[in-house]
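Participant: What follows is the residue order along each chain.
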Amino acid sequence: MIERTKRPGVTNPGTANAGMAIPEGRQMPKEQRLTPPAWEGGRAAPPNGDAFHVIGQRSRKVEGLSKVTGRAIYADDISLPRMLHAKLLRSIHAHARIVAIDASAALAMPGVHAVVTGKDLPEYYGIIPWTQDEQALCETKARYVGDAIAAVAADSELQAEEALRKIKVTYDVLPAITSIEEGLQHPEIQVNEKASEGNISKHVHLEFGPVDEQLEQSDEVVEAEYWYEGSTHGPIEPHCCIAEFDATGFLTVWSATQVAHYLHRDLAKVLGLPTQRIRVIQPVVGGAFGGKSEPFSLEFCAAKLSMVTGRPVKILYTREEVFYAHRGRHPMRLRYRTGVRRDGTLTGTDARIHIDGGAYSSFGLVTTYYSGQLLTAPYAMPAYRFDSTRVFTNKPCCGPKRGHGSVQPRFAFECQLDKLAERIGMDPIALRRKNYIGESSTTVNGMRVTSNGFLQCLDAVEKASEWRTRWRKLPYGRGLGVAGSMYISGTNYCIYPNEMPQSAVQLKLDRSGRATLFCGISDIGQGAESVLAMIVCEELGLDLRDVRVVAADTDLTPVDLGSYSSRETFMCGNAALDAARKLRDLVAETLAERWGVVKGDIVLAQGLAVATSDPERLVLDLKTAFQAAEARHGTLGSVGWYQSPKLGGDYRGGTIGASPAYSFTAHVAEVECDPETGWVSVKKIWVAHDCGRALSPVAVEGQMEGSAYMGFGEALFETHTFKASAPGHGPGIHDGPSLLDYRMPTSMDTPELESLIVESVDPEGPYGAKEAGEGPLHPSIPAIANAIHDALGIRCDRLPFSPPAVLALLEAGDAHAAWERARTQLARPANATTGIPAAASRTRAVKK
Amino acid sequence: MSSPTQICRLRVNGDERSCGVTPHTTLLEALRYELGLTGSKQGCDKGDCGACTVLVDGDAVLSCITLALACEGRDVRTIEGLADGATPHPLQDALDRTGGAQCGFCTPGILMSAAALLERDPSPSREAIALALSGNLCRCTGYTKIFEAVELAARELRERRAPPGARAGAAR
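In the order they appear, the protein sequences are chains A and B. Each residue of the first sequence is one higher than the one before, counting from 29 in the working numbering. Each residue of the second sequence is one higher than the one before, counting from 343 in the working numbering.
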């Protein structure tokens, strides 16, 4: 049954990848895939002289002052003349056939203008082209409590809400699938009819190298089962959109989205409008974290209601609706077998993963691959197998939350490493160093690794946390734990197969001395627009205040695929670098010609154009330099774009997880636990992250701290769970769909966070930059789990590490003896660094 | 179902303003939708997230669970009234410099809570800052840079208020 593919050592059972119907393979890019220009001296070097002038500076964000003064305009701040307000009617059952909908009483109410139901928007859509299984409003069946059924537009939000209560829905209640186990045991109760088999959303089985052989030859094998609880993004801004369909048949949609381009495409599909008659604008977005990375019911419904009424329509989700809209972290049950030799070399890993997908596919196809594909660095794995199954359940759909699909396996695997290190009496940092995959390497599943600063990350957290003198030496109740990870700097391929650039920038250079950059980039708070402005300033010598970024407006800006998979800095950054360098060279050429010097002599920096050979005499202010270039070459404008090289493993699914560069992270967490109450307090997390070159250190630190915080919340507090039943009600009601009940950490809970930036300088990133937005979340959870073990002698293999869970573990065995044993068993090897020379540290420690 | 509309008079950021409200109109709704002051944000509409925080007679209150009519004749200060004309308040400036505003949605509420804190405690400890901001959820930053910003602003405000001689000494 197992057939060998072309790649030696890779087995790929062709029949096992069951689930929703997917065409055989995806259309691989042609060999003549676009290749970005290779600039003389590469992309990593400063363009003007020997040093950077703007890059690496602790600068303000371009939109920062508008945010702190309350001027920034978010979706709900937009109000249009004659605007109506709409609300969605949502299912009260987890699983029910919709027999009839009677909206006549609602329509008859004063102030109500229109009602639409599933029959008005029958077209299926979905972010992944092969798994389009959603309708804007359920036509025949509701699949979770909160599934949208009808939409009402009225003069006011209150009137729309009152009208919802007048809509009579006749349900035929069906038995509901509430867990992975039920989904697998009851294929006859099918949640999602688009599934090709029972409740299997997607199944992936991939094997690389001789796993069983390697495990047999191991000195120690650890096998354990982990449970990763679901959690949600919780951006403080709820989803909101305004749609306006005008008399010319043109639709404009303002939406709090992080993927304006994909929304544009899906609006056209569902509404039956040509794409050239739709404009999508992303206003300032109040947080997303992956929670706004696909279309939602509100955008289709607002647009349809605007088409029906001829008036602008706004929909603002309530906080409760945001919880039910979800698309957050998938709950996963993960079983790992991992082997190690006595010298610390990892041998083989065998993973079996079950994923609770909720009612729809969302990005689930990718999630299922990511649950295995993103584990194969920073450690070299000689043999690796994973078998992942995503199951449909009658719950809100899960999707991509910061660290999509790979946070859960990373938790399990980094805990495995801690256990293996203990078994062989090795320092867990030494074990991690020992298995370092290296720079310019290839992972067992065929992913190309370029720059890699993981060792420097380990060095940084080891030093900052005083690991060597404190780990396994703190008194009972206190402990340190370490974990590492890697993450992609953008997924290598667009969601829908095509050969066009993934990111593009248009740059206009004005004779006033001002530049305007147009890009589809989606800034969701991470500072994406500022990074582009910094790149333009670095190339052209401008001040940050003299660049305007026009972003994420499908009428004005060239396509960027959006803010997901940590792609913006790398991909849009490269596009901006190209656009700006083209103009920089034009200006330099003009001046070189005029001054009779070589082009390489010209430097544009700090508002001036200078010939370095004679800076006293050959100098112009930038405005005059731009005017000279405009007179010589005509109106100054340029385009830049980015397309990643062809990458990935040569097997089905081998492109998923492929990225032009990977970031690396290591955390050490320090905890203080109360064995009487089970309370775990995280005192501090040291976060070392290799982001390539830190273009904006303030933004990078912000991402590192925010990521570590979010992982900390998942580890200790947050649960996106549902009631088995409620009085007079079936299953599927959220346990606490509010920001009070859903335990998002507050300023009182958050640990001290110390950012340690590691700069490996990637050869293909813009000035060497890689991602920083998602990678630093991963190690938080296992570092805390491993620290709890150091503190109490217990292994927290299930999330969250809540007081009852910790108490139960303390009571289940002799934790104190395990704690003592861990101390005495450790025979710290003299060659703790395993012969790998201490890397020349490029760590920039940021002292708080 | 429709409630009678009445006139509500508020003193907002120093201006006498009035708008039509129902008895159940919240202060946040009046500010955002009647007076065009959209700087105060609605994140939950039930007093959980703090994005709507404004100052009423100097105290930080959650405007989404405060009735507009309960503020009749009282002094309301919003994020739009924090700056001194075109010059940002030291808190606004510090938050921008430290990167304490990422998506910016919680930011107006954070700033108003912090402003109320610095009014009553010019030299707050980090614990006092954390406590003062514990009703304001921020999902982006992990709070670290927000704490730094409040400390930075507090320092700057203290220096401004200090007599000139002391300030010169502090600068060294």
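If you're looking for bench data, these hints aren't it; they were derived computationally from the structure. Treat the hints with caution; some may be incorrect.
Here are the in silico distance ranges between beta carbons for each label pair [as the list claims (entries may be wrong)]:
| hint | chain 1 | residue 1 | chain 2 | residue 2 | range |
| --- | --- | --- | --- | --- | --- |
| 1 | A | Val201 | B | His366 | 31 to 39 Å |
| 2 | A | Asp183 | B | Arg351 | 52 to 60 Å |
| 3 | A | Asp183 | B | Leu473 | 36 to 44 Å |
| 4 | A | Arg110 | B | Glu358 | 44 to 52 Å |
Backbone N, C-alpha and C fix where the C-beta goes; we use that ideal spot for every residue, glycine too.
Participant: Now look at each hint and say whether the structure bears it out.
Facilitator: Verification of the hints:
The hinted range of 31 to 39 Å is satisfied by Val201(A) and His366(B), whose Cβ atoms lie roughly 35 Å apart. A hinted range of 52 to 60 Å for the beta carbons of Asp183(A) and Arg351(B) is inconsistent with their spacing of about 26 Å. Separation of Asp183(A) from Leu473(B) is about 43 Å and conforms to the stated range, judged on CB atoms against 36 to 44 Å. Range check, Arg110(A) to Glu358(B): Cβ separation about 30 Å, and the 44 to 52 Å hint is violated.
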